[in-house]
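In order, the protein sequences belong to chains B, F and C.
Here the first sequence stands for residues 1 to 317, numbered as in UniProt numbering.
Here the second sequence stands for residues 1 to 322, numbered as in UniProt numbering.
Here the third sequence stands for residues 1 to 276, numbered as in UniProt numbering.
Worth flagging that the hints you see were computed from the coordinates, not collected in a lab.
All figures in this text were calculated on a predicted structure; none of them were measured in a lab.
We put the beta carbon where it would ideally sit given N, CA and C, even for glycine.
Do not rely on the hints blindly, as some may be mistaken.
[What the hints assert, rightly or not] Label pairs and their computed distance ranges (CB to CB):
1. C:Leu22 with B:Ala134: 14 to 22 Å
2. B:Ile307 with C:Ala46: 55 to 63 Å
3. B:Gln54 with C:Ala46: 33 to 41 Å
4. C:Ala238 with B:Gln54: 45 to 53 Å
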Amino acid sequence: MSRYLFHRLWQSAVTLILATIVVFAGVRALPGDPALALAGEDRDPESLRAIREQYGLDDSWPVQFWQFVSHAARGDLGQSIRTGEPVNGMIAGALPVTIELSVLALLVAGVIGIGAGVLAAVQRGRPAEWAANALALLGLSVPNFWLGLMAILYLSVALGLFPASGFVPFFTNPVANLHHLVLPALILGTGLAAVIMRQTRSSMLDALSADYIRTAEAKGLPPRAVIGRHALRNSLIVVVTIVGLQLGALISGAVVTERIFALPGFGKLTVDAVFQRDYPVIQAVVLVTATAYIVINLLVDLLYSVIDPRIRVRGDA
Amino acid sequence: MSAVLEVQDLSVSFRTEDGRISAVDSVSLEVGASEVLAIVGESGCGKSVTAMSLAGLLPRSARVDGSVRLDGVELIGAGKRTLRSIRGREIAYIFQEPMTSLNPVFTVGSQIGEVLRTHLGASRRTARARSVELLKLVGIPSAERRVDDYPHQLSGGMRQRVMIAMAVACDPKVLIADEPTTALDVTIQAGILDVLRGLRERLGTSIVLITHDLGVVADLADRVAVMYAGRVVETAEVHDLFAHPQHPYTTGLLGASPAAGRHADTHRLAEIPGLVPVLSEQPDACTFADRCGQALNTCTASQPQLTRGEHGLACWNPVGVS
Amino acid sequence: MKVTRRILRNPLAIAGLVVLGLAVVLAVFANFLAPHEPTQTALDQAFAPPGTAGHLLGTDDLGRDVVSRIMFGLRASLHVGILAVATSLVIGVPLGLMAGYFRAIDALISRLTDLVLAFPFLILAVGLAAIRGASLGNAAIAIGIAQIPGVIRIVRSETLRLKSLDFVAAAVVEGASDAWVLGRHILPNAASVIIVQATVAIPAAILGEAVLSFLGLGIQPPAPSLGTMLSDAQQFAARAPWAAVMPGLAIMLLTLAFNIVGDSLRDALDPKASRR
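Construct the complete structure from the given sequences, taking the supplied hints into account.
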C-alpha cells in the first residue's frame, strides 16, 4: 500500500511539474512581446517596465520559471489587467459556484447513471434494458448546452418552473440556491449519467456472470443482497475510475453550463478572460484547472484502493 | 434406507438461438442419509446441469421437468422464496473454482457470516464467532486471524476450505460438491477430500459428488451414477461398479482412467474414440451407440431404459454378458 | 464480410448509416443543395417561421435561411470532426504502438498522456485561442489533442494483447525487425479497434466543435456553424424558437447516427461483447 501510494504521489508530482512548464511556456508563446500582452490597453513605457519587473521578463528563462512557480505556490497569481484585482481573489470567488454545480451534477449523474445501469443489467433483454440503453445513447449524443437552452426556453421561460439564470449563494438562501442550480446540475449531469450508465451496465453484466454470484445464489441470499451487495460493490470499483477519467469532461461542461445559465463561476471567468485577452487570468485558470485535475485524480485513485481490498491489502498467500 | 434426496425423471433443456437443446434426459437418482453419491462422466455430459437444477440455480433459459424431493418436499416448481430458503440451508453447494467462487471484495468471515445471518437470523457477532468455529472445522489454521482475510490472501486449497465452511454453515442435509478438487493441486486434493469425509462422519451430511475423476470417486463415494450425454447409463455401489462394470461406456471410462493407486504419467489413457453427441440429435437410440465398440442394430433403433435395482444399467448389449 | 452482414442485419445500424449518408451528402453538396446563401441577410424576412415559402425551417433574426445554414453548418461540423480525429490518430496511433511494444518508453508516454489529460479540452481550447486566436483549425487542434490520450490507451492495450500472440512471437523469433513487426503484424490487426475508436471520437469532436463555436472559441461568424447558430439564437430564442431548436436537432441526429454506427460496428467486430 505505501509503495503504491508513493508511486502515485511521485507520478502526480511529475505531471504537475510538466503542466506548470506547459502553462509557463504557453504564456511565452503569446504572439509578440508578453509584456505588451500582459499590459493590455495600458501601454505607457512606465507600466511596461513595471510589468517586466514584476514578471522578471528580462531575466533568463530558468529564473523566470522559478519566479513563476514560487509566486504561484504562495497563491500569488498576478493581477487582472482589466480590473487590477488580484487573480487569486477572483478565482476564490468563482470556484465555490463551480464546485457546487459540479458536485450536484456528479450526484445527479451518479444516481441516474448507476440506477439505470443496474436496471439495464438486471433486466437484460427486457424493455427496461432497451429503454435505458436508448436513453444513454441519447444522453451521449445530445449537446448539453442545447439541452440547457431548451430547458430555459420551455421550463423556465414558458412554464416558469425554474429561474432561467443567476445565482444565490448557498449561505444567503439555501433554498433559492438549490432552486437556481437544479436545472444547470441536471443539464451538466446528463452526459456523465450516460457514460456512467453504460459503464455500470457492462461491469454489472460482468459481475453478474461471475462465479461468486453463483455462490451467492447458492447460499440462498435474496436478490437484494446478490445484486446490491455482491455484484454492485464489484462493479462500482470500475465506475469510480471512470468518474475520475470523466473529470475533464465535467470541467469543460461546467464552463458551458455556467455560460448558458449566467452563473458567476469559474467558467464565466474563463470565457470572459479569453474575450478580454486578460492573460494573467487565463494563465491562472489553466494552471488551477490542471492542478485540480491532477489532485482529484490522485484522490480518486486512493479512493479506488480503499474500495478494492486487492490493492489495499497485499496478499500473503 | 429412506432417501434424503429423491430425483425422478429430471429433464433439463435450454432455449438457444438454434432452438431448444436438451442437456439432461430423464435422470433418476437417490441419495440416502449421510451417503455419498458420485455422479461421473465426461465434461458436457450434463452432470453439472443436473446438480445446478436440483435447487433451481439454472438461468432463465432453462426448462426443468420431473421431480426433485428433499425429505419429501417437492422442489421443482417451488416458488423462488421457498427455493431461497432451502439453498444454503438444506442444500448447499461447493464449486470447482475456489479462486473465483468467493467474492474478492469481502472478507471470508463476512461471506460465511452472511449465510448464518440470512438463514438463522444470527447477529453480526454470533455470525463471526460461528464463522471462526466453521473455519476450524474445515481445518484452517489460526482461524481467528484468517476470518478477517480477503480471498486473495488465501491459497487455493484454503479458499476451497472456506467454500466448504460456507456450505456447511447451516448444517445442510445435502451437500452438492461440483468438481471440488479439480482446480487444485494433487497434494491439496487429499486434504479437501478428508474434510468432506469428516463432515459426512461428524455431521451426517449426505453428499452429491460431481466429478470426472475416478480416483476421487474410489476415495469418497458409496454409490456411483455414470452419466453419458444427459442420461444415467449405469448406477451401482462403488466397489461393485469398479469390479463389474457392465456398460461399455463405464468400462471405457475405467479403462481411460489411470488405475487405482495410480501414477497418472506412467499409464497411457485408453481414450474412447469420438465425441459426446448433442443429445437432441438422437432421441430414440442409445446415445453411446456411435462410439460403442459392440453396438448392435437395436442400439441405434431404440433407447435402452435404466433397469431398477442395486445395479442399474441402460444397455442393450452389456459387457461380460454374451 | 461477416462484419458487414452483421451490421446490415441490425435495423438501427441501417438507420444510423442512412442518416450519416444523408448528412454527408448535404454537407458535401451544400453549395448546390442549399436554397440560399448561408450568410445572405434579408432583414425584411427576419423571423420567418418554418414552412414559410422558400424557408423550410424558417429564418433567423437577420433573415438568413435556417436550412441553408444547417447544411453549411453540417459541413463545418464534419470538417472539424474529421480533422480533429485525424490529428489524434496521426499522433496517437504511433505513440500507442510504441508504448505497447517498447517497455522502455511506456512510462514516458504514459506521463505524457497524464499531462494532456490534465488540460480538459475546453481549457486547452481556451489556451490555444488565447495564443493563436479562435478559428476552425485551432478548435480542431484543441479537440484533436484532447483525444490523443484515448487513442494511445486503446492502441497500447491492443498492441500489448497482440504482442503476446503466437504469430507475432513467431515473427520476432524469425528475426523480423521491430518496425516490420509493428507495421506488418500489429498495426493491421489493431486496425479494427482503431476504426471503432474513430467512429466514437468523431461525434465527440463534433459536439466539441459545437461547444467551442457556441462560446465563440471556434468558427467565427458570419461563417455558419451549428454552434454559432445556437449561440445567436439564444438571444431571440423566445421569439424564434425554431432557430434554436433546429440546429440542435441537427447536431443531435448527426452525433446519434455516429454513435449508433460506432456501437454496432463494435458489436459486429466483437460479437462476444454484444451479447453482454
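Hint by hint, here is what the structure shows:
{"no.": "1", "hint": "C:Leu22 with B:Ala134: 14 to 22 Å", "result": "21 Å, holds"}
{"no.": "2", "hint": "B:Ile307 with C:Ala46: 55 to 63 Å", "result": "57 Å, holds"}
{"no.": "3", "hint": "B:Gln54 with C:Ala46: 33 to 41 Å", "result": "50 Å, violated"}
{"no.": "4", "hint": "C:Ala238 with B:Gln54: 45 to 53 Å", "result": "47 Å, holds"}
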